[in-house]
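Asker: Given the structure of chain A, go ahead and fit chain B onto it with the hints provided.
Keeping their order, the protein sequence lines are chains A and B. Residues 87 to 237, numbered by this note's numbering, are exactly what the first sequence covers, in order. Residues 2 to 146, numbered by this note's numbering, are exactly what the second sequence covers, in order.
Quick caveat, the hints were computed from the structure, so don't treat them as lab data. Note that the Cβ used here is the ideal one computed from N, Cα and C, for glycine as well. Some hints could be false.
Partial pick of chain A residues on the chain B-facing surface, computed with a CB cut under 10 Å [claimed, not checked]:
1) Ile139
2) Ala142
3) Lys218
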Amino acid sequence: MKAGSLLLCCAVICASVGANAQRDDRPLSQDAGGRIPKGAKVYIGPVEGGYDIYLAAAMHKKEVPIVLVTDRAKADFELSGVSESEKAGWAKIVFWGNTSSSEQASVKIVNLKTDTVVWGYNVNKGSSARGKQSSAEACAKHLKEKIDKGL
Amino acid sequence: MNQRIVPLLLAALVCAGPAFASQTAPPAPFRPGAKVFVHPMTDGFDSFFKAALTKKRVPVVLVASREEADLEINGTAESQKAGAAKKIFIGSWHSDEQASISVTSVSSGEVVYAYSANKKNSAHGKQTTAEACAKHLKEAIEKKK
Numbered sequence: 087m088k089a090g091s092l093l094l095c096c097a098v099i100c101a102s103v104g105a106n107a108q109r110d111d112r113p114l115s116q117d118a119g120g121r122i123p124k125g126a127k128v129y130i131g132p133v134e135g136g137y138d139i140y141l142a143a144a145m146h147k148k149e150v151p152i153v154l155v156t157d158r159a160k161a162d163f164e165l166s167g168v169s170e171s172e173k174a175g176w177a178k179i180v181f182w183g184n185t186s187s188s189e190q191a192s193v194k195i196v197n198l199k200t201d202t203v204v205w206g207y208n209v210n211k212g213s214s215a216r217g218k219q220s221s222a223e224a225c226a227k228h229l230k231e232k233i234d235k236g237l
Numbered sequence: 002m003n004q005r006i007v008p009l010l011l012a013a014l015v016c017a018g019p020a021f022a023s024q025t026a027p028p029a030p031f032r033p034g035a036k037v038f039v040h041p042m043t044d045g046f047d048s049f050f051k052a053a054l055t056k057k058r059v060p061v062v063l064v065a066s067r068e069e070a071d072l073e074i075n076g077t078a079e080s081q082k083a084g085a086a087k088k089i090f091i092g093s094w095h096s097d098e099q100a101s102i103s104v105t106s107v108s109s110g111e112v113v114y115a116y117s118a119n120k121k122n123s124a125h126g127k128q129t130t131a132e133a134c135a136k137h138l139k140e141a142i143e144k145k146k
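In isolation and in its complexed conformation, chain A is listed as follows:
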């Protein structure tokens, strides 16, 4: 009898795990609101200067818990943005001995089901150690924080 109850418990636990696994595969519902759930499918729109590829690399490096897709139709969210780089001028090099560029970027994420902006972030680096990579990684880091906090 004890073995029977144990198996019944196992069956109930497995059923709930199975149901959760299936729930994760379902498309996002409209009530997702301002949240970006873990495992959400995100499409990164083209950004001038190939910044979208830096963003993809940054998401991968920072292990942001999303799935990047290249087909907008398959995505739950769309990330779009702008970026700007300013190379070090002669005065910065001569007087500051600094050859690093200045970088600024701004990104936003739109829920494609509800057409609402669920997240936005601006980054400005006066002396970017690694150019566009630095600003892209700042965006990815803050996006990861938002997703992990479930805000």
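Answerer: For chain B alone, kept in the frame of chain A given last:
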């Protein structure tokens, strides 16, 4: 007793099936021997990158058309040549290089790997960033073995 246990065991296996399947499903095409198509990139970086894939012996097969490929690679690269101020005051003739690549599964459209490289005073220009990308791609593929 046994008559009760057997259906319960079956129910448990049926319910657990999807959960285990979703956890163990491998990212199919990102493996050694995958067929890779490299898209044209800015400033001909694709040529440097293809050469780097060969030099670093990345275990992939380069194909000429997207239709034959399991994976496609997109990328962008930027070079900044040393200006007069850098040459005179810093004493460096080398360029600054940055590049970024993303590897996408052709069948699912998911980005399976991406990497950025930034080299100040790059010893060999674009070749250096291309080889950095290739080296890290090789590491990632070999980890998936």
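Asker: Can you list which hints this structure breaks, lowest number first?
Answerer: none
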